[in-house]
Amino acid sequence: MRPTLIVFLKEVRENLRDRRAVINTLFTGPLMAPLIFVLLVNTLVTRELERAEKPLPLPIVGAEYAPNLVAALKQRNIEIKPAPADPERAVREQDADVVLRITPEFPASWKKGEPAQVEIVYDESQRDTGSSVARLRAILENESERAGALRLLARGLSPSTTRPIVIADRDQSTPQSRSTSLFAMLPYFFILGGFIGGMALAIDTTAGERERQSLEPLLANPVPRWQILAGKLSATTAFAITTVLLGILAFAVIGHLMPTEKIGMSLEIGVRFVACTLFVMLPLAALLAAIQTLVAAFAKSYREAQTYVSLLTFLPVIPTLLLTVMPFKAQLWMYCVPLMSQQMIITRLLRGEAVPDMGLVLAFICTTLAAVLAAAVTARIYRSEKLAISA
Amino acid sequence: MIEIRDLHKSFGSVVAVDGVSFAARDGEITGLLGPNGAGKTTTLRCLYTLMAPDRGQVLVDGLDAAADPVAVRRRLGVLPDARGLYKRLTARENIAYFGRLHGLDETTIRSRTDAAVAALEMGDFAERRTEGFSQGQRVKTAIARALIHDPKNVILDEPTNGLDVMATRAMREFLKRLKAEGRCVLFSSHIMQEVAALCDRIVVIAKGKVVADESPEALRVQTGAANLEDAFVALIGSEEGLAA
Numbered sequence: 001m002r003p004t005l006i007v008f009l010k011e012v013r014e015n016l017r018d019r020r021a022v023i024n025t026l027f028t029g030p031l032m033a034p035l036i037f038v039l040l041v042n043t044l045v046t047r048e049l050e051r052a053e054k055p056l057p058l059p060i061v062g063a064e065y066a067p068n069l070v071a072a073l074k075q076r077n078i079e080i081k082p083a084p085a086d087p088e089r090a091v092r093e094q095d096a097d098v099v100l101r102i103t104p105e106f107p108a109s110w111k112k113g114e115p116a117q118v119e120i121v122y123d124e125s126q127r128d129t130g131s132s133v134a135r136l137r138a139i140l141e142n143e144s145e146r147a148g149a150l151r152l153l154a155r156g157l158s159p160s161t162t163r164p165i166v167i168a169d170r171d172q173s174t175p176q177s178r179s180t181s182l183f184a185m186l187p188y189f190f191i192l193g194g195f196i197g198g199m200a201l202a203i204d205t206t207a208g209e210r211e212r213q214s215l216e217p218l219l220a221n222p223v224p225r226w227q228i229l230a231g232k233l234s235a236t237t238a239f240a241i242t243t244v245l246l247g248i249l250a251f252a253v254i255g256h257l258m259p260t261e262k263i264g265m266s267l268e269i270g271v272r273f274v275a276c277t278l279f280v281m282l283p284l285a286a287l288l289a290a291i292q293t294l295v296a297a298f299a300k301s302y303r304e305a306q307t308y309v310s311l312l313t314f315l316p317v318i319p320t321l322l323l324t325v326m327p328f329k330a331q332l333w334m335y336c337v338p339l340m341s342q343q344m345i346i347t348r349l350l351r352g353e354a355v356p357d358m359g360l361v362l363a364f365i366c367t368t369l370a371a372v373l374a375a376a377v378t379a380r381i382y383r384s385e386k387l388a389i390s391a
Numbered sequence: 392m393i394e395i396r397d398l399h400k401s402f403g404s405v406v407a408v409d410g411v412s413f414a415a416r417d418g419e420i421t422g423l424l425g426p427n428g429a430g431k432t433t434t435l436r437c438l439y440t441l442m443a444p445d446r447g448q449v450l451v452d453g454l455d456a457a458a459d460p461v462a463v464r465r466r467l468g469v470l471p472d473a474r475g476l477y478k479r480l481t482a483r484e485n486i487a488y489f490g491r492l493h494g495l496d497e498t499t500i501r502s503r504t505d506a507a508v509a510a511l512e513m514g515d516f517a518e519r520r521t522e523g524f525s526q527g528q529r530v531k532t533a534i535a536r537a538l539i540h541d542p543k544n545v546i547l548d549e550p551t552n553g554l555d556v557m558a559t560r561a562m563r564e565f566l567k568r569l570k571a572e573g574r575c576v577l578f579s580s581h582i583m584q585e586v587a588a589l590c591d592r593i594v595v596i597a598k599g600k601v602v603a604d605e606s607p608e609a610l611r612v613q614t615g616a617a618n619l620e621d622a623f624v625a626l627i628g629s630e631e632g633l634a635a
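First to last, the sequence lines map onto chains A and B. For the first sequence, the working numbering begins at 1 and goes up steadily by one. For the second sequence, the working numbering begins at 392 and goes up steadily by one.
Quick caveat, the hints were computed from the structure, so don't treat them as lab data. Note that CB positions come from ideal geometry on N, CA and C, so glycine has one too. Please note that the accuracy of each hint is not assured.
Derived DSSO-like pairs: lysine-lysine, alpha-carbon spacing no greater than 30 Å straight-line [as the list claims (entries may be wrong)]:
no., chain 1, residue 1, chain 2, residue 2
1, A, K386, B, K543
2, A, K300, A, K329
3, A, K111, B, K478
4, B, K567, A, K386
Now the in silico label distances, taken between C-beta atoms and shown as ranges [as the list claims (entries may be wrong)]:
no., chain 1, residue 1, chain 2, residue 2, range
5, A, R383, B, G514, 45 to 51 Å
6, A, F279, B, A443, 18 to 24 Å
7, A, D18, B, V406, 28 to 34 Å
8, B, N427, A, R225, 27 to 33 Å
9, A, P224, B, D541, 20 to 26 Å
10, B, D541, A, L373, 37 to 43 Å
11, A, K386, B, G523, 26 to 32 Å
12, B, D555, A, T368, 51 to 57 Å
13, B, D452, A, P224, 17 to 23 Å
14, B, D455, A, R225, 17 to 23 Å
Which bits of chain A does chain B cover? Going by a derived footprint, with three or more residues having C-beta under 8 Å, they are [stated by the list, open to error]:
no., region
15, 3-10
16, 76-89
17, 205-217
Only chain A is shown next, with the shape it has when bound in the complex:
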């Protein structure tokens, strides 16, 4: 095993002298997940805070027909704006989120006690309108109920007559689980960190070494090729694991500093999260290193290897998308699929849900097996004659 160690130490030493690779391993890669997280939370916090406290600007067409209603709206923190000439167009062109139109018939219907119509004009396909419309609708419905109750009382009836059913919400979601959609993306960035950490070495030790014509002299040494490969693979794995480890630690630190409680979320980034994430990510880092080396060994040149290995980073998007678009119920076999299992486990840990011990063990064993298999395939490629020859 000594030659493997010699190759390992040399690759580590050489790579540590490559500033770009070191920055990727120790900086860019690890900061991937925390950075995206900070960005997401910040956007959400600012948006939610603005929503709740800021007055809602509302252009009203025909405000003069319902002065009482408009006064009530003003009291509920709605800022009345002059009406646009064409409300539909204003909404389509995003000049206004939502416009309220009060028809000229409103006063007549109101006086007669008939349903008086108001129109809410909005474009649902616009990103930000949802909560503005909901806020306005809630206020209007509330006003309508209040007026209705007064009318019933005037006729000597109890307002509860019209409310045979009372709905009480008992939401079973927890602050963590509400943040699911937000955090479904996060595991991908942990995994991406592992990709970035080992990338430079995977390319350099195979395609790079061949292109610089140092592979042929290296293979002329009295060392079996698999031992040389083992050294290179372990160096790549070591860098990938360092990136993942730093990424998880950075995430744990930054996660604690973020004002997540302001939007009613709480994150569980404790010792258990760090330990479990590391446990399932370690074999994945080894698997990624082996796959990257394998792909780089196939490439004819350094540039080609870079292209292939970069394309590889899209691989972990697949389970992320699958799990986001089709939220499967977690089943035991899913813990056997590398990438998917890590995705599932990290998401569940973030949501503060229990992860079965069996799932953790399965994820570790299956990903380790996959890593060994990928390494074995790479070793086969390494045995081929064409591998060493650059020209």
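Starting from the known structure of chain A, arrange chain B on it as the hints suggest.
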């Protein structure tokens, strides 16, 4: 002592080596001469076990390369056609890396590297990283690296390729020194002057076959040519790919 017996190697439909046999003895310099594309590099690659021959046998000090490639590589010092260095390591670190892979201890590596640095006049660049080295500095480092384990047999593929006049002269002196130390030196070249000036024995290869295996003197007699240049042309059948 290196023996090659009836070596065959094809790549697809291209026959690169077609029944090459020769021997290189200890204490002699053997030159493998042939035009570009004659099969020299492929022959040498089979010899240092980078490739497995389709047919034929390679023996190094009596050891069969097919049976025990690692033991054969241990007895060979190889300067391949590809002589890339690790640019983020210094010349000394490049040499030490191969020394360690040969299983040498650090003391031996240091003393042998010191000796090589002196012999190849590498003093002013041995501690520098190899990025930006001149061709001559690169070849010197690659040779020091290839010989760190003090091999009995030395194989060099076109060792003077890309070297300037001074460096070429130094290289020739170095090869003579290896011979004086009793080693078996085998090198390939397409430059006749070089082969004529250095070799005790010349193996001429053309189109994957050995067309002559003689001393320089005997070659002239065999072909009846007045000088070596005419002798080579007569053997190879064309002037293509040979440099004076």
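Here is what the structure says about each hint:
1. For the suggested pair A/K386 and B/K543, the alpha carbons sit about 28 Å apart, so the restraint of at most 30 Å is met.
2. For the hint pairing A/K300 with A/K329, the CA-to-CA distance comes to about 43 Å; that exceeds 30 Å, so the pair is violated.
3. For the hint pairing A/K111 with B/K478, the CA-to-CA distance comes to about 90 Å; that exceeds 30 Å, so the pair is violated.
4. A hinted pair counts as satisfied when its Cα atoms are at most 30 Å apart, and B/K567 with A/K386 does not qualify at roughly 34 Å.
5. Between A/R383 and B/G514 the beta carbons are some 40 Å apart, a value that contradicts the proposed interval 45 to 51 Å.
6. A C-beta distance of roughly 43 Å is found between A/F279 and B/A443, which places it outside the suggested range of 18 to 24 Å.
7. The hinted window of 28 to 34 Å between A/D18 and B/V406 is violated, with their beta carbons roughly 42 Å apart.
8. In this structure, B/N427 and A/R225 meet the distance hint of 27 to 33 Å, their C-beta atoms being roughly 29 Å apart.
9. Judged by the Cβ atoms, the range 20 to 26 Å given for A/P224 and B/D541 holds: they are separated by roughly 22 Å.
10. In this structure the hint that B/D541 and A/L373 lie 37 to 43 Å apart at CB holds, the actual value being about 41 Å.
11. Here the CB-CB span from A/K386 to B/G523 is close to 30 Å, well matched to the stated 26 to 32 Å.
12. Checked against the hint of 51 to 57 Å, the C-beta distance between B/D555 and A/T368 comes to roughly 54 Å, which is consistent with it.
13. Separation of B/D452 from A/P224 is about 20 Å and conforms to the stated range, judged on CB atoms against 17 to 23 Å.
14. Take B/D455 and A/R225: their Cβ atoms lie about 19 Å apart, and the range 17 to 23 Å holds.
15. Restraint check on the region 3-10 of chain A versus chain B: 4 residues with Cβ-Cβ distances below 8 Å, three needed, restraint holds.
16. With 0 residues having a beta carbon nearer than 8 Å to a beta carbon of chain B, the region 76-89 of chain A misses the requirement of three or more and the stated coverage is violated.
17. Check result for the region 205-217 of chain A against chain B: holds, 7 residues qualifying (beta carbon to beta carbon below 8 Å, three or more required).
In terms of the numbered hints stated before, the structure departs from hints 2, 3, 4, 5, 6, 7 and 16, listed from lowest to highest.
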